[in-house]
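> Sequence:
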Amino acid sequence: MKLLKWQVLFALLAFGTFNANAQEITESKFGKGLVNVVAKDSSFSLKFATRFQSLFTSNWDFPGNENLQNGESNFLIRRARLKFEGFAYSPKLRYKMELGLSNRDISGASYYTHNAPRYILDAVIKWNFYENFDLWVGQTKLPGNRERIVSSGNMQTVDRSLVNSVFNVDREMGIQLHHGFDMGNNFLVKESVAFTQGEGRNVTRGNIGGYHFTGRAEIYPFGDFKAYSGADLDREQTPKLAIGAAYSHNGDAVKTESVSGSYMENDNGFYETDITTFFVDAMFKYRGLNILAEYADRNADAPIAVNTDGTLTGDVVEVGNGFNFQAGYLFKNNFEVVGRYTTIDLDENITGEGVHNQYTLGLSKYIVGHKLKVQTDVSLNDFSDNMDNGLMYRLQVDIHF
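According to the working numbering, the sequence shown holds residues 3 to 403 in order.
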C-alpha cells in the first residue's frame, strides 16, 4: 500500500513536470484573446481574453489645504478583467460576459447584492432578430455618454473625466434595443433605447424605486470610425465625426446619482424622486488627431431628501452640469500628447459644492495599440470649495491578452 502511494505521487510529479515543460504553439496573436475557438459544426464560438491596469498615483496639495498630505502616493490594480464573448447556435445570437476581479471592480457589496462582491460587469445576450435590429437582454452598459461607452481599455487618457464619474449612468440589468442605418452617401444614424431596473449593476433584491428609461442617438455624417475608441490609432485618412445625444429618466430613483451614489434613506425606508440626465457629445478623428467634447446635465423633481414630516435627512441628489473637452495628437512613433479641461458645476444651494475645474496634460506610448500601452498624466485640481486642491500625477501600464 505504501509503495502504491509513492508510485501515485511519482506519476503526479512526472505528469506535472511534463506539462510544465511542454509548450503548445498557437496561431493566436497577442491582444487577440487567449482562446479563440469555433465549433466544427459552427454552432458556437468562444473568445476568452484577460486584461489588467497597474496604476501609480501621487498627490501634492496647495498651501492651506489640509485634506491632502504632500507626496501622498499609492499603487493600485485599477482594473483586472476576464472577458468571454462569441456566438451561440447562430452568428445572429451573440453573447458577452465580463468579470471584474480588482477591489475597485467588485466594491459595493450590500444587502441589495446579497452581501456579495459585484464580480459581474457584463452578462448580456445580443440577438440580431431582424435586419439592423439587435435586442440585448441582461446586464451591460447603458446607452449614455460616449466617454462611458468607450471601453476602459481603449481610453485616450489614464482614466475617464470627472464629468463621467459624476454624471454617467453606467451598467444595469434589463433590455435594450439597438438599430442603425445608412441614409446614403455614407451618412450613418445609430439609435438605442433601454428599459432597466434603476438601481445600478448587480442589485439582486429590493428594486425599491421605479424603472429607468435611457435612449441615445448618434449621427456619423462622414461614415463610421474604424474603432469605437479613444485616440486615432487607425489614422483616419478622411475626416470622421460623430455627434450624439442621450437622455435618462429614472423614475422614483433612490440614489444620489441616479443609478449610482449612495441610497437616500428616510424614516419611511427610502426617499424617492424622479431624476433625469441629459448628455450631448461629439468626437472627431483625422490623421492622428482626436477631439472629444461632452456636456452633461442632471435634474431631479425634488432633489433634497426629507422624512415624512418634512425634516431633512442630509441626503441630496447631485444635480448640476459638467463639461469635458479633450484633444490629442498621435505621432508616427505612436506617442500621443493629450490635453483635457473638465469643469463640474453642481447646484451649490442644494449640494453645498462649488465649481470643480480640472486641467490635465497626458502622454501615452502605444506599444501594441490599446492592447499594450503606457500612459501618464498630471492634473491640476482647482476647486472653489478648496477640497482636494493640488496636483495629481498618475502612471499606468495597460495590458490585454
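Be aware that one or more of the hints could be misleading.
As the list claims (entries may be wrong) - In silico DSS-like pairs for lysine-lysine, Cα to Cα no more than 30 Å straight-line: (1) Lys228 - Lys192; (2) Lys128 - Lys192; (3) Lys49 - Lys367; (4) Lys242 - Lys128; (5) Lys373 - Lys334; (6) Lys128 - Lys334; (7) Lys98 - Lys31; (8) Lys94 - Lys228; (9) Lys94 - Lys367; (10) Lys143 - Lys242; (11) Lys42 - Lys242; (12) Lys34 - Lys128; (13) Lys228 - Lys242; (14) Lys334 - Lys367; (15) Lys31 - Lys143; (16) Lys34 - Lys367; (17) Lys192 - Lys143; (18) Lys49 - Lys98; (19) Lys49 - Lys31; (20) Lys242 - Lys192; (21) Lys242 - Lys334; (22) Lys34 - Lys49; (23) Lys228 - Lys31; (24) Lys128 - Lys367.
It should be emphasised that the hints constitute simulated quantities derived from the structure, not laboratory data.
> All hints are to be evaluated individually against the structure, with a verdict given for each.
For each hint, the structure was consulted:
1. Lys228 - Lys192: Since the Cα atoms of Lys228 and Lys192 sit roughly 15 Å apart, the hinted pair holds (cutoff 30 Å).
2. Lys128 - Lys192: holds, 16 Å
3. Lys49 - Lys367: It holds: about 27 Å lies between the C-alpha atoms, which stays within 30 Å.
4. Lys242 - Lys128: Holds, at about 27 Å.
5. Lys373 - Lys334: holds, 18 Å
6. Lys128 - Lys334: violated, 37 Å
7. Lys98 - Lys31: holds, 21 Å
8. Lys94 - Lys228: It holds: about 22 Å lies between the C-alpha atoms, which stays within 30 Å.
9. Lys94 - Lys367: violated, 37 Å
10. Lys143 - Lys242: holds, 24 Å
11. Lys42 - Lys242: With a Cα-Cα distance of about 39 Å, the restraint between Lys42 and Lys242 is violated, given a limit of 30 Å.
12. Lys34 - Lys128: holds, 21 Å
13. Lys228 - Lys242: holds, 10 Å
14. Lys334 - Lys367: holds, 11 Å
15. Lys31 - Lys143: Distance of about 28 Å is within 30 Å: holds.
16. Lys34 - Lys367: With a Cα-Cα distance of about 19 Å, the restraint between Lys34 and Lys367 holds, given a limit of 30 Å.
17. Lys192 - Lys143: With Cα atoms ~16 Å apart, Lys192 and Lys143 stay inside 30 Å; holds.
18. Lys49 - Lys98: Holds: Lys49 and Lys98 sit about 10 Å apart, inside 30 Å.
19. Lys49 - Lys31: Holds - the C-alpha atoms of Lys31 and Lys49 are around 13 Å apart, at most 30 Å.
20. Lys242 - Lys192: Status holds; Cα separation ~15 Å.
21. Lys242 - Lys334: Distance of about 19 Å is within 30 Å: holds.
22. Lys34 - Lys49: holds, 9 Å
23. Lys228 - Lys31: holds, 20 Å
24. Lys128 - Lys367: The given pair, whose Cα atoms are some 34 Å apart, is violated under the 30 Å limit.
The structure fails hints 6, 9, 11 and 24 (numbered hints given earlier, in ascending order).
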